[in-house]
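The listed protein sequences correspond, in order, to chains F and V.
Under my numbering, the first sequence has 109 at position 81, and the numbering climbs by one with no breaks.
Under my numbering, the second sequence has 147 at position 79, and the numbering climbs by one with no breaks.
Keep in mind that the hints were calculated from the coordinates and are not lab data.
Some hints here could point you the wrong way.
[To be verified] Okay, the calculated beta carbon distance ranges per label pair:
#1 F:Arg-69 to V:Gly-129: 23 to 31 Å
#2 V:His-75 to F:Asp-106: 34 to 42 Å
#3 V:Cys-81 to F:Ser-96: 43 to 51 Å
#4 F:Ser-68 to V:Ala-140: 27 to 35 Å
#5 F:Asn-83 to V:Leu-144: 36 to 44 Å
#6 F:Pro-36 to V:Gly-129: 17 to 25 Å
#7 V:Cys-81 to F:Ser-68: 20 to 28 Å
#8 V:Ile-80 to F:Gly-87: 33 to 41 Å
[Said to hold, decoys possible] In silico PhoX-like pairs for lysine-lysine, Cα to Cα no more than 20 Å straight-line:
#9 V:Lys-167 to F:Lys-125
#10 F:Lys-95 to F:Lys-84
#11 F:Lys-70 to V:Lys-88
#12 V:Lys-134 to V:Lys-123
#13 F:Lys-84 to V:Lys-169
#14 F:Lys-30 to V:Lys-109
#15 V:Lys-132 to F:Lys-125
#16 F:Lys-125 to V:Lys-169
#17 F:Lys-98 to F:Lys-125
#18 V:Lys-109 to F:Lys-70
#19 V:Lys-123 to F:Lys-125
#20 F:Lys-95 to F:Lys-125
#21 F:Lys-125 to F:Lys-30
Remember, predicted model here, so these are calculated numbers, not experimental data.
The beta carbon of each residue, even a glycine, is placed where N, CA and C say it ideally should be.
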Amino acid sequence: QKEVEQDPGPLSVPEGAIVSLNCTYSNSAFQYFMWYRQYSRKGPELLMYTYSSGNKEDGRFTAQVDKSSKYISLFIRDSQPSDSATYLCAMSERSDKLIFGTGTRLQVFP
Amino acid sequence: GAVVSQHPSWVICKSGTSVKIECRSLDFQATTMFWYRQFPKQSLMLMATSNEGSKATYEQGVEKDKFLINHASLTLSTLTVTSAHPEDSSFYICSASLKGKEQFFGPGTRLTVL
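I would like the entire structure built from these sequences, with the hints used as guidance.
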């Protein structure tokens, strides 16, 4: 079993839809949770950074962490074609060594 | 936000040659830099962690003699792929962090070994 599981997609949604991206994990010691966006042939860009459980909102993005279920989510409201990218979840025990999910490819069509 | 650069962005080399990739943190001093490798349609796999002025810590299965990492200053780390072979062809990405906070990634370097 992988430490971090993420549905690779692709996920295709119409512009304006609410997108839900998820990851599950097995290591209960993870405390730091991140979401990155990666465009094709580019490095990952940090979107959300969360410590422990709870919700965090930044503009159209909301990150949720449920440590009891070992489940994290990223919601994108009012999705735009420019949101089309691969979204990677990542997590770590001590905010140093990151363990990445495989990434979910998102396509937002006009 | 924090900016990390990599050079070159793309390199093609012949089998058996060595290739050096630079990673620079442009607007902050990075106490730690990380090197990742990403194969097509796969996630990032950590290769090694380096702290300024000390030897890099390599992940299991990564050959330290093949992937030489130097972290000479708080703003520069280099990865040298020695005696490269076609199976080393991949997307190499570095990241930098300050005092254990979030990592900021470079744009990546695409290596093709012929």
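Against the structure, the hints:
Here the CB-CB span from Arg-69 (chain F) to Gly-129 (chain V) is close to 25 Å, well matched to the stated 23 to 31 Å. Taken as a hint, the range 34 to 42 Å holds for the pair His-75 (chain V) and Asp-106 (chain F), whose Cβ atoms sit roughly 37 Å apart. At roughly 49 Å, the beta carbons of Cys-81 (chain V) and Ser-96 (chain F) sit within the given window of 43 to 51 Å. The hinted range of 27 to 35 Å is satisfied by Ser-68 (chain F) and Ala-140 (chain V), whose Cβ atoms lie roughly 32 Å apart.
At about 38 Å, the CB distance of Asn-83 (chain F) to Leu-144 (chain V) agrees with the hint of 36 to 44 Å. In this structure the supplied range 17 to 25 Å holds for Pro-36 (chain F) paired with Gly-129 (chain V), their Cβ-Cβ distance being about 23 Å. For the pair Cys-81 (chain V) and Ser-68 (chain F), the supplied restraint of 20 to 28 Å holds, since their beta-carbon distance comes to about 23 Å. Between Ile-80 (chain V) and Gly-87 (chain F) the Cβ separation comes to about 40 Å, which falls inside the hinted range of 33 to 41 Å.
Under the criterion of a C-alpha separation no larger than 20 Å, the hint pairing Lys-167 (chain V) with Lys-125 (chain F) is consistent with the structure, at around 13 Å. Restraint check: the Cα-Cα separation between Lys-95 (chain F) and Lys-84 (chain F) comes to about 14 Å, which is no more than 20 Å; the hinted pair holds. At roughly 19 Å between alpha-carbon atoms, Lys-70 (chain F) and Lys-88 (chain V) fall within 20 Å of each other, so this suggested pair holds. A threshold of 20 Å between alpha carbons decides the hint, and for Lys-134 (chain V) with Lys-123 (chain V) the separation of about 15 Å falls inside it, so the pair holds.
Proposed proximity of Lys-84 (chain F) and Lys-169 (chain V) is supported: the alpha carbons are some 17 Å apart, at most 20 Å. Between Lys-30 (chain F) and Lys-109 (chain V) the alpha-carbon distance is near 16 Å, which keeps this suggested pair within the 20 Å criterion. Distance check on the hinted pair: Lys-132 (chain V) and Lys-125 (chain F) sit about 18 Å apart at the alpha-carbon level, within 20 Å; holds. With a C-alpha separation of about 11 Å, the suggested pair Lys-125 (chain F) and Lys-169 (chain V) falls inside the 20 Å cut-off, and the hint holds.
Distance hint between Lys-98 (chain F) and Lys-125 (chain F) is fulfilled; the C-alpha atoms sit about 18 Å from each other, no more than 20 Å. Annotation: proposed proximity of Lys-109 (chain V) to Lys-70 (chain F) holds, straight-line Cα distance about 13 Å (limit 20 Å). Proposed proximity of Lys-123 (chain V) and Lys-125 (chain F) is supported: the alpha carbons are some 16 Å apart, at most 20 Å. Restraint check for Lys-95 (chain F) and Lys-125 (chain F): satisfied, since their Cα atoms lie roughly 19 Å apart, inside the 20 Å limit.
Annotation: proposed proximity of Lys-125 (chain F) to Lys-30 (chain F) holds, straight-line Cα distance about 16 Å (limit 20 Å).
Of the numbered hints listed earlier, not one is contradicted by the structure.
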